[in-house]
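Read top to bottom, the protein sequences are chains A and B.
Take 287 as the starting number for the first sequence in the working numbering and just add one per residue.
Take 25 as the starting number for the second sequence in the working numbering and just add one per residue.
It is possible that part of the hints are untrue.
Listed below are several chain A residues computed to face chain B (Cβ distance under 7 angstroms; list not exhaustive) [claimed, not checked]:
(1) T335
(2) D337
(3) R338
(4) L364
(5) K366
(6) S367
(7) P371
(8) G373
(9) N375
(10) S414
(11) N428
Here are the in silico distance ranges between beta carbons for each label pair [unchecked claim]:
(12) A:K323 - B:V208: 40 to 46 angstroms
(13) A:D337 - B:E126: 22 to 28 angstroms
(14) A:H441 - B:A96: 51 to 57 angstroms
(15) A:H441 - B:V208: 28 to 34 angstroms
(16) A:L331 - B:T156: 26 to 32 angstroms
(17) B:V208 - A:E410: 19 to 25 angstroms
Chain A residues, not near chain B, derived (Cβ > 10 angstroms throughout) [claimed, not checked]:
(18) N369
(19) I374
(20) K386
(21) I390
(22) V432
(23) D438
Derived from the structure by calculation, the hints contain no laboratory data.
Note that the structure is predicted; figures quoted are calculated from it, not measured.
Cβ coordinates follow ideal geometry from the N, Cα and C atoms, glycine included.
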Amino acid sequence: MLRLLLITAAILIFPACQTTNTKNPPQKSLVLGDQKKLTQHFATLGYTTPDRNLVALIHVCTLEIAQHAYPVIDLRELAKSPNSPRGINRIMVLNEKLEKLNAIDYTKGRPLHCKNNKLYLGAEVQLSEFPEPGNVLTFDRNGSAVQLEMIDTSHWF
Amino acid sequence: MNAGLTDKRWDEYDVLIKTQVTDYAKRFKALENKMDWKIIKAMVWTESGGVTSPQWKTRAMQIGNSGDPAFAVLKDLQEGSDLVMSVELKLALKSESVEKPELNIKAGIAYLYTKMVKTLFQSVLDAKDSKTYEYTVIAGDSLDKIAKKVGSTIEELRASNPGSTGIIRPGQKFKYRKAAIIRVITGWREFTIDTIADAYNGGGDASYAEKLTYITTVLFPKLVR
Numbered sequence: 287m288l289r290l291l292l293i294t295a296a297i298l299i300f301p302a303c304q305t306t307n308t309k310n311p312p313q314k315s316l317v318l319g320d321q322k323k324l325t326q327h328f329a330t331l332g333y334t335t336p337d338r339n340l341v342a343l344i345h346v347c348t349l350e351i352a353q354h355a356y357p358v359i360d361l362r363e364l365a366k367s368p369n370s371p372r373g374i375n376r377i378m379v380l381n382e383k384l385e386k387l388n389a390i391d392y393t394k395g396r397p398l399h400c401k402n403n404k405l406y407l408g409a410e411v412q413l414s415e416f417p418e419p420g421n422v423l424t425f426d427r428n429g430s431a432v433q434l435e436m437i438d439t440s441h442w443f
Numbered sequence: 025m026n027a028g029l030t031d032k033r034w035d036e037y038d039v040l041i042k043t044q045v046t047d048y049a050k051r052f053k054a055l056e057n058k059m060d061w062k063i064i065k066a067m068v069w070t071e072s073g074g075v076t077s078p079q080w081k082t083r084a085m086q087i088g089n090s091g092d093p094a095f096a097v098l099k100d101l102q103e104g105s106d107l108v109m110s111v112e113l114k115l116a117l118k119s120e121s122v123e124k125p126e127l128n129i130k131a132g133i134a135y136l137y138t139k140m141v142k143t144l145f146q147s148v149l150d151a152k153d154s155k156t157y158e159y160t161v162i163a164g165d166s167l168d169k170i171a172k173k174v175g176s177t178i179e180e181l182r183a184s185n186p187g188s189t190g191i192i193r194p195g196q197k198f199k200y201r202k203a204a205i206i207r208v209i210t211g212w213r214e215f216t217i218d219t220i221a222d223a224y225n226g227g228g229d230a231s232y233a234e235k236l237t238y239i240t241t242v243l244f245p246k247l248v249r
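Please construct the entire structure, taking both the sequences and the accompanying hints into account.
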């Protein structure tokens, strides 16, 4: 039981630990696992907007490309309004200094899982760089999305 | 919302909405009979809160709310909104207050269509310059550098010089036309209550589609005027 509790605690406290075995792990990995510090970090860099309500800021996983780590953040904000606030949802791809390399807007296709340079999404997204919608993004070492594929979930991983 | 059943004031923007939907269908043939104007009417009810809400006479579609990206997208012609909006609307957004409900509704409809349009960045030849030019490669050149230098695109260099775009060498000659990478409309998403709700509300209100469905299917058939 104690072992189970320790494992659970470790997953809750250090979600970044599940992410990478690269030679260059994120330099601020502790920030990734600390909601308050991550929120401060994003606010300092202007990645969040004070005029909006921050409803989710989650380190989902870390892409691994050419032995470098690229943390993926799910950032969700709500515009302040009296009726039916608009949602502003973004997949943020960061570098090892936790600076933004790429931001991809989505409605339902939230980021779920990283495997190497691929990011698996909860639903399809339509991006203007690609002719067709898809649910799996492939990234290059600049953090740019270079491929968007529609892959049936039964063929994931 | 049920107050709208018997109160004619809730129809105040009907003509404006119908006119806008007709105008988009005229400018974009693919939109003919695609959009039911009553869904936008339902959006105005939902977004404003109705005639008793202050938003009814100001930001009826909530364009211009603090922290909301929609107004900036339209004003700065981002995300393909420059392709979607009429010239008149672009000018109005620069010169008039978006606090006027009529302009707010026009802006809201433009934002919806911007979110519904499918676009791609493509290499497009300069229509005003049909001349074919020639460039001689110098040391240190790459296709990307050449394209930037001569006002063309990698895609155009490849298309005009098939078979000579592998390893490039100094002295090699490339034919090209002036071209640029620009955003073009490739189609439209299907106009359903679900896609419209997603596009406009961005997933902020989990019940948004349900609200539109309720208004259009339960309330609108019972309107007493």
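Exercise. How about L364 (chain A): closest beta carbon in chain B under 7 angstroms, or not?
Worked result: Holds - the Cβ of L364 (chain A) comes within 7 angstroms of chain B, reaching about 5 angstroms at its closest.
Exercise. Would the hint on P371 (chain A) stand, with a C-beta cut-off of 7 angstroms toward chain B?
Worked result: This hint holds: P371 (chain A) lies near chain B, its Cβ roughly 5 angstroms from the closest one there, short of 7 angstroms.
Exercise. Quick one: are H441 (chain A) and V208 (chain B) within 28 to 34 angstroms, going by C-beta?
Worked result: holds (32 angstroms)
For this session: Please settle this one: V432 (chain A) was flagged as non-interface, so is its CB more than 10 angstroms from every CB on chain B?
Result: holds (14 angstroms)
Exercise. Quick one, is the T335 (chain A) hint okay against chain B at 7 angstroms, beta carbons?
Worked result: holds (5 angstroms)
For this session: Tell me if N375 (chain A) is really an interface residue toward chain B, meaning its C-beta lies closer than 7 angstroms to one of theirs.
Result: holds (6 angstroms)
Exercise. Is the gap between the beta carbons of L331 (chain A) and T156 (chain B) within 26 to 32 angstroms?
Worked result: violated (47 angstroms)
Problem set entry | Residue hint G373 (chain A), partner chain B, criterion CB-CB below 7 angstroms | With a closest approach of 3 angstroms, the G373 (chain A) hint holds.
For this session: State, for the Cβ atoms of V208 (chain B) and E410 (chain A), whether the hinted interval 19 to 25 angstroms holds or is violated.
Result: Check passed, 21 angstroms falls within 19 to 25 angstroms.
Exercise. Is the hint on K366 (chain A) kept, meaning its closest Cβ partner in chain B is under 7 angstroms away?
Worked result: holds (6 angstroms)
Exercise. Does R338 (chain A) pass the interface check with chain B, least Cβ-Cβ distance below 7 angstroms?
Worked result: Since chain B brings a Cβ to about 4 angstroms from R338 (chain A), closer than 7 angstroms, the hint holds.
Exercise. Taking the closest Cβ pair, is N428 (chain A) under 7 angstroms from chain B?
Worked result: At about 14 angstroms, which exceeds the 7 angstroms cut-off, the nearest Cβ of chain B leaves the hint on N428 (chain A) violated.
Violated hints, in rising order: 11, 14, 16, 18, 19; the structure is consistent with all others.
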